[in-house]
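Visitor: Going down the list, the sequences are from chains V and Z. Quick note on my numbering: the first sequence kicks off at 1 and runs consecutively. Quick note on my numbering: the second sequence kicks off at 1 and runs consecutively.
These aren't lab readings, by the way, just hints derived from the structure by calculation. A portion of the hints provided could be inaccurate.
With a cut-off of at most 30 Å between alpha-carbon atoms, the simulated BS3-like pairs for lysine-lysine come out as follows [to be verified]:
1) V/K83 <-> Z/K123
2) Z/K146 <-> Z/K115
3) V/K87 <-> Z/K115
4) V/K35 <-> Z/K115
5) V/K35 <-> V/K84
Residues of chain Z clear of chain V, computed beta-carbon distances all greater than 10 Å [unchecked claim]:
6) I61
7) P195
8) N349
9) W363
10) F367
Ideal placement from N, C-alpha and C gives every residue a C-beta, glycine not left out.
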Amino acid sequence: MKNKRKSLIYSGLGTLILFALIFLLSNCNVSNEIKAKSGAQLWGENCLRCHNNPSPETFSDVEWDVAVMHMRIRANLTDEEAKKIAKFLKTAN
Amino acid sequence: MKNILILPVILLFFTINAYSQNYDNQKFEKMSNDIDSLKELSKPGKSKFLLRGYSHSGLEITEENTSFVGGSFNPIFIYKQSDRLMFESELEFELEDRNLNIGLEYANISYLLTKSLTVRFGKILLPFGIFVDRMHPAWVDKFSSKPLGVGHGGILPGSDIGIELRGASYLGSSKINYSLYVMNGPRLNEGDEEPDEAGQLHYDNFPDNNKNKAIGGRLGFLPLSNSSLEIGFSGMYGKVGSGNSQYADVASKLYAIDISYIQNLPFMQSVLDIKTRYSGVITDNADYRDYDNLVNPDAMYTFTNQNSTTFAQIAIRPAMVNNKILRSFEIAGRYSDLLTPEGSKWASNLNQWEFSLNYWLNWRTVFKLSYRTTEGEVEYDEGTDSPVGKAFLFHWAIGF
Numbered sequence: 001m002k003n004k005r006k007s008l009i010y011s012g013l014g015t016l017i018l019f020a021l022i023f024l025l026s027n028c029n030v031s032n033e034i035k036a037k038s039g040a041q042l043w044g045e046n047c048l049r050c051h052n053n054p055s056p057e058t059f060s061d062v063e064w065d066v067a068v069m070h071m072r073i074r075a076n077l078t079d080e081e082a083k084k085i086a087k088f089l090k091t092a093n
Numbered sequence: 001m002k003n004i005l006i007l008p009v010i011l012l013f014f015t016i017n018a019y020s021q022n023y024d025n026q027k028f029e030k031m032s033n034d035i036d037s038l039k040e041l042s043k044p045g046k047s048k049f050l051l052r053g054y055s056h057s058g059l060e061i062t063e064e065n066t067s068f069v070g071g072s073f074n075p076i077f078i079y080k081q082s083d084r085l086m087f088e089s090e091l092e093f094e095l096e097d098r099n100l101n102i103g104l105e106y107a108n109i110s111y112l113l114t115k116s117l118t119v120r121f122g123k124i125l126l127p128f129g130i131f132v133d134r135m136h137p138a139w140v141d142k143f144s145s146k147p148l149g150v151g152h153g154g155i156l157p158g159s160d161i162g163i164e165l166r167g168a169s170y171l172g173s174s175k176i177n178y179s180l181y182v183m184n185g186p187r188l189n190e191g192d193e194e195p196d197e198a199g200q201l202h203y204d205n206f207p208d209n210n211k212n213k214a215i216g217g218r219l220g221f222l223p224l225s226n227s228s229l230e231i232g233f234s235g236m237y238g239k240v241g242s243g244n245s246q247y248a249d250v251a252s253k254l255y256a257i258d259i260s261y262i263q264n265l266p267f268m269q270s271v272l273d274i275k276t277r278y279s280g281v282i283t284d285n286a287d288y289r290d291y292d293n294l295v296n297p298d299a300m301y302t303f304t305n306q307n308s309t310t311f312a313q314i315a316i317r318p319a320m321v322n323n324k325i326l327r328s329f330e331i332a333g334r335y336s337d338l339l340t341p342e343g344s345k346w347a348s349n350l351n352q353w354e355f356s357l358n359y360w361l362n363w364r365t366v367f368k369l370s371y372r373t374t375e376g377e378v379e380y381d382e383g384t385d386s387p388v389g390k391a392f393l394f395h396w397a398i399g400f
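I would like the entire structure built from these sequences, with the hints used as guidance.
Guide: This is the structure in structure tokens:
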């Protein structure tokens, strides 16, 4: 019973700390260098971390929307990165 | 006479013209409707479905036999319900022991809570280290076989059922990504069903064998502004014994450190890809029944249940040279090792080298010619599955 209470307290504290951390992080300043990156540059930098860069011709605009959302979650892309990469792929295909 | 003929011709001309205009108007209206429908389709927030996946097969020449292997087909179903909600699932069809094996790699629902936080629940690929989460598809992996410690006979988790919070954020010019999850967690093999694997952890724990849930996470730090370097720390903790058994308090701690470095090398006109991971699995010591002791059926034995595994790989591809054939080649080398507990019936101390020459037909289709050599000792060996020895592996993989 004591152990159960301890686990609950630790889990609660852990979740609180995580949310506090995420709140702080989401309010952190992003450098101008990062803000200035184009979709093509982000596509080149991020996709290559796991696999070859996909050809923009692979999917249609509608399909890229789904593929980029899938990769945003899988590869931990930021919201801004995902939007810029999707825009680039749709423009270039 | 001429006037009589001209009148019907004029009438016919106007009739045809009116009909043709009407036809053009109808056609224009239809095209306009089609364009409106297409516009509707491209609006955000509409449901969208995508079928992706990969397939691979190969020829393997080992010291025991030469055999075609694989024939694996992994479709991935992705359904985007809205700009925030997505479902995804990966199935695996493969031949195993002369039977068709259908597996569910993952099936989960993701919801974007905020710009930097996503919640996922269901069966997910665990972000523990980097191999399973990022490198397991055959067309992504640069080698014909997996490193030691991963997959069948491995010690590391692949997927699990539970709930996860994950996301990424910038810190100035650096970036971090994070994941925190609560899962069913591993299940301890208590030796009742598979005595030769007593003390091992199994990750197909559904329904859960106890009321405890495993807690884990991964923190990745990308210090360079071009995201070329990532250092990751993973951990997981949970009770692994059955809730109503003598193993109820047996717990496991899992940890991993991984490093990735991907960089364009202009002087070599090549892309350099380095990845490495060290991980450990520590399970509380426990007494297991010694089924091999025929004199005393109640005899018990124990061992220090500590495991570790490492892999380090490097790949170079001259992707920036002008020659199309040359830039399609890639060379890769990998070292991996696996150390499982001495005194257990599944003790092993293995190390492995694998070298691969790859040819990329396009960005997602690859032919891999690999040479693999594995040395060491395996206490418990299922015969044909023994990885010890030398082998030539020729694999073909395609992502779609």
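Visitor: Confirm or reject each hint.
Guide: A quick look at each hint next to the structure:
no.: 1; hint: V/K83 <-> Z/K123; verdict: holds (27 Å)
no.: 2; hint: Z/K146 <-> Z/K115; verdict: violated (34 Å)
no.: 3; hint: V/K87 <-> Z/K115; verdict: holds (17 Å)
no.: 4; hint: V/K35 <-> Z/K115; verdict: holds (16 Å)
no.: 5; hint: V/K35 <-> V/K84; verdict: holds (11 Å)
no.: 6; hint: I61; verdict: holds (27 Å)
no.: 7; hint: P195; verdict: holds (30 Å)
no.: 8; hint: N349; verdict: holds (31 Å)
no.: 9; hint: W363; verdict: violated (4 Å)
no.: 10; hint: F367; verdict: holds (14 Å)
The earlier numbered hints that this structure contradicts are 2 and 9.
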